[in-house]
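Guided by the hints, dock chains X and S onto chain A, whose structure is given.
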Amino acid sequence: MLLAVVRRAFDMVFVMFGISVIAFLIFFATPGSDPSARIAGRNATPEMLAQVRASFGFDRPLYVQYGRLMQRLFIARDLTSFVNRGQKVVPAVLQATPVTLSLVFGAAVIWLTAGIGLGIVATIFRGTVIDKGLMLLALCGVSMPVFWFGSVMNLITQSRFHDTWLFSWVPGLGYTSFFESPSLWFKTLVVPWFTLSVLFIGLYARVLRASLSENYQEDYVRTARAKGLSESRIMLRHALRTSLITLLSMFGLDFGALVGGGAILTEVVFNLPGIGRLTYQALQNLDLPFIMATVMYSTFFVVLANALVDVAHAWLDPRVRDAR
Amino acid sequence: MLHHNIFRATAMALLLTSATVGIARAEDKPKIGGTLRLAAASAAGTIDPHISYETGFYWPIFYVLNDGLVTFRKAAGQPSNDIVPDLASEMPKISSDGKTYTFKLRKGVKFSNGQEVTLRDVVATFERLFKVGNPNSNLWYNVIKGGDKCVESPATCSLAEGVVANEADGTVTFNLTQPDAEFLYKLAVPFGSILPADTQASDLGTTPSAATGPYMITSYDPQRGMELKRNPEFKVWNEDAQPDGYVDEIKYSFGVQPADAVTAIQNDQLDWMWDSPPADRLKEISTKSAGQIHINPSFATYAAEMNTNIAPFNNKDVRQALNFAVNRRAAINIFGGPRLAEANCQILPVDFPGHKGYCPYSKNPGEKWAGPDMEKARALMERSGQTGQKVTVTVGDAGFDSRIGTYLVSVLNDLGLHATLKVISSNIQWTYAQNSKNNVQITVNTLWQDYPAPSTFLPVLFSCGAFHPGSDASPNISGYCNKSIDAKMEQAMKAALTDPAASIEKWSAIDHEITDDAPWVSLYSPNLLYFVSKRLKNFTYSHQARMIFSKVWLD
Amino acid sequence: MTIVSNTSAAPAGKDKRNKPKGPWRTALSRLLRDKLAVASFLFLASIILSTASATYYADHISQTDPFQSNLDGHIEISGEPAEIMAADSEGLGLGVTPIGPTWTGQYLLGADAQGRDVAARLLYGGQNSLIVAFSSTALCLLLAGVVGTVSGFLGGIVDTILSRLLDIIWAFPIYLLAISLSIVLISKGLQIGPFHIPSNSLLLPITIIGVVYVPYVARPIRGQVLTLAKSDFVLASVCLGMPTARILVRDILPNVVTTLIVFAPIMMSLSILTESSLSFLSIGVQPPAASWGTIIQDGQGLLYTRPLVAIAPGLAIIITVLCLNFLGDGVKEAFDPKAKLRVGKD
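Chains as they are written, first to last, in UniProt numbering: chain A, 1 to 324; chain X, 1 to 555; chain S, 1 to 346.
Isolated chain A (complex conformation):
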């Protein structure tokens, strides 16, 4: 058991190391990424460039630069931006975290409730028009580009119908902290929550619907039915329980990826200053310290979610548990 944990931890560190190296190399492969020119200013002479390069250590071998960067990011925690000089990376990432958490938590509540609800309703009415209609809707949700849907939502709520009673409450884009004004926090996030969750609602409803109807053919459900249990009881106590394990592992991975900045397009479209947008800005600015910090941050959540899901899966699902 201990060995398994150590192995797992080693795997995580290895993957994160690999990704940090890739991110580092990608940065140095980008032409125009040399920050010396931007730091030195508009009319800097080549001599001044050389001076800046030396003072930032850009003239050192790549592995030395990599080592110094990682040391300052993880050990000294005083890494600062190349573009906005003096701006510390770690606090900026920490500041962006609550924004992303707010977005993802709210969306998760919506998509779990709606996704599971739709899945159950569709299963109950399986084979009917209701089932087909719901599944078509779900598939539509999966087929939409999220940035496009977000833009259309903006068009509706911010422009075309903003003056009507329906959407006059929608505040301008941006983010307000919960502690500053809970009501404004809620209002600004409703539309992004909905936009982000639509895809997952479709996804989860489809998966649940498929899994439930599969379970209905399993022996234990037949047994329950033979015992004369009511349909709703079979659904809730037996079929749904097994299916939720599948959903749980999906949810773990999705949630991990989103918390790590996976909602990048939603954050960009709705102008939410979360991890995703921070990452996007860092990439646009070619600001290596920020790229490194955000990439490490998101990888950490992806890897952690993977590990947790595996553990939870092994713990919850008797078949997997016994197989080990």
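You can trust all of the hints, since none of them are fake.
Partial list, derived from the structure: chain A residues whose beta carbon lies under 8 Å from chain X: (1) Val52; (2) Val83; (3) Ala92.
Calculated cross-link-like contacts (lysine to aspartate or glutamate; reagent style DMTMM-like; alpha-carbon spacing at most 20 Å): (4) X:Lys363 - S:Asp72; (5) X:Lys107 - X:Asp240; (6) X:Lys288 - S:Asp88; (7) A:Lys132 - S:Asp34; (8) X:Lys363 - X:Glu342; (9) X:Lys288 - A:Asp163; (10) A:Lys132 - S:Glu333; (11) S:Lys35 - A:Asp131; (12) X:Lys93 - X:Glu167; (13) A:Lys88 - X:Glu227; (14) X:Lys376 - S:Asp72; (15) X:Lys251 - A:Glu180; (16) X:Lys368 - S:Asp72; (17) X:Lys356 - X:Asp499; (18) X:Lys488 - X:Glu505; (19) X:Lys437 - A:Asp59; (20) S:Lys230 - S:Asp159; (21) X:Lys235 - X:Glu249; (22) X:Lys186 - X:Glu490; (23) X:Lys186 - X:Asp97; (24) X:Lys288 - S:Glu90; (25) X:Lys316 - X:Asp373; (26) A:Lys88 - X:Asp221; (27) A:Lys187 - X:Asp268; (28) X:Lys131 - X:Asp148.
Far from chain A by the CB rule (all over 10 Å, computed), these chain X residues: (29) Pro79; (30) Met91; (31) Lys110; (32) Val164; (33) Asn238; (34) Gly385; (35) Gly399; (36) Ser463.
Just so you know, these hints were derived from the structure itself, not from any lab.
Note that CB positions come from ideal geometry on N, CA and C, so glycine has one too.
Frame of chain A; chains X and S shown alone:
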């Protein structure tokens, strides 16, 4: 005093100024207090006034924070190009050979940290410019004695001979290696801000410096915003140089997209936005909120720079063909319509000192552009023998650049070249385009003035010395090098010392000569559109400090 | 986007082997009985055909060059001249608005910010979107098939190295990886040995999208091959002394190919969405070439005055992806009903 008033107001400028005045009339009593709320899509890095070269974005802020020995007059329109004494109590005494400037330091001015501004601070300020690697230390300030040595070894910079303090009579004397007609401009821009002698000798980054002006920065986070509060030590000493502010606080939010800023201003949640309103909101605001719009001419040229060293633009016929073919009206339509820009064929911006209307690349060549001439363009292309050549138009992804780029691709293809567009992050575009190793054939940029003199355009952008092959810092993007023009520019610089009017004439001629050689396709001079809240009053537009933050009040 | 797949490792051909028809023909006839899948396929075919007719449309119906900016021109609508880019005259007279939908041949859906015919561009853009989606899917399936099979079949050190590599790409958030690769390659182009892919080539988004999704397909394939290699019938073949190559071709590859077929429509729908996202961030298909994503991007700047420019390509994407997903469901049911595929975005 070497500075001459050379701004010539044209009908257009008069029209625009009078529009602003018309609004000013309706505003009656000044009001003190309140918070001025500003917004921008993103921050722009360091707020060290000795380093930041954000002439449009951060310099207007620096103008209400810090003071140089002299500064530009804080006034609307034409007088805003004049130099007035600021931390110096009067204009300097200049020796007859133009090589020494003696300033008398004003007494009793205090920094926001409570220290008095002393001669020691003045000397330290100019040494600091070299120590922190001011972007122009090697171009502007090395004219000070000892400056060249400081460029070589900044860490040990000493200007003991160049900037001499005389404690006894409270004066400071600048000794120059050669006369410099634009020296006062160089002291008036924010690079010349006097900072305390104990300011750290490296980039302040996100830490605010001590202020002398009516406001001081109390917090700065490039991801979120900037806050300015009143400087408790500030007392007005020269209304022209540094007037007191009306509002108590200025709050700058970053990360607000232009479209959202427009909405916020309409809803009275913001007072002013740095970015231009998006093109598709212009119609809406110009009909619904016309009274909240201020349009002012700017000293800038929007141009496509062609690389004169590689094919096909090493061929003058191709460059001229493109100049004839480009429809300036189309470009202006992309930018937001004829009210927001004025077509321009030459280097110097419309109404800038030395600008004399000249457009050889027009249906009817004359002072102004009248329409494209495709026939001439095609004939020139034919003559060049470059038809079918591949061209990549490289542009940044911000603002209108990529749209203008798309248009240029279309024109180039129409001319028989084989053009494609390459959009790169606007954060690297400026340096990427400069480095000749990247072989950028054609790119677009807005080129802004530093101060109102032709030398901030012509020698900086077209002299042989401004072209550094293989370097990211080579502002002569066209790689244009013409020895005879270099010599003429040298003469024009010299003439400025003795006969400013003749110098301006010379610059005009150089401007036209370069235009004939067509290293650029100049498209237009943009006007600056400011969209402000209903409660923002007394909007005052200076050519140097843009909207003067200390002049506005909130109703 | 993620696909979590635990494609049933049971060999697809096993239970069908006894039937008189070959497993693939069975699957095909099953697919043909699926009305929704057939309808989706026909619909997709008509989308492909109409995008293929883009040149005809531009030449004969819209009569404009959809790649030529037209910022200062006029057209005639029922005898009345109309400016393509109209400077506004109300208020302060700021802003220039492109012509709206005319619902006639010329400028059917109006003009974009460059004064180009949106309908014609939609067809041309569709070509590129479909080409990118199809090619990147093919590339991804090919790479994933090879990597997964080699890794699962050979095992040992090869497996360890390949799996680690897949793990790393897997843990890299897909959009981050795609965006960072695009930013680098768009500014530089790609040099593979003697071949140079210029930065505006469609091959760049194809390669990027193809490569980033490899782990999502390769991992399940590796698992499948691993199970197959240990299965009774393969062990039996080994005992009978069959050569490795023959085992690979006869017993393993058909199963791998079945899985790849099941993946194909879904990967293609994912590729379309990814391409549009990259193009939306200006790092996918490069102008003057168009794709549905770039047209949405163009339309973003006209959302307030001419929302149709952004809405129309979005609808085109949704319809295409919807068809692909229906088709994917059908293919899955027909070929491998037990496969659990999941398509999503993170």
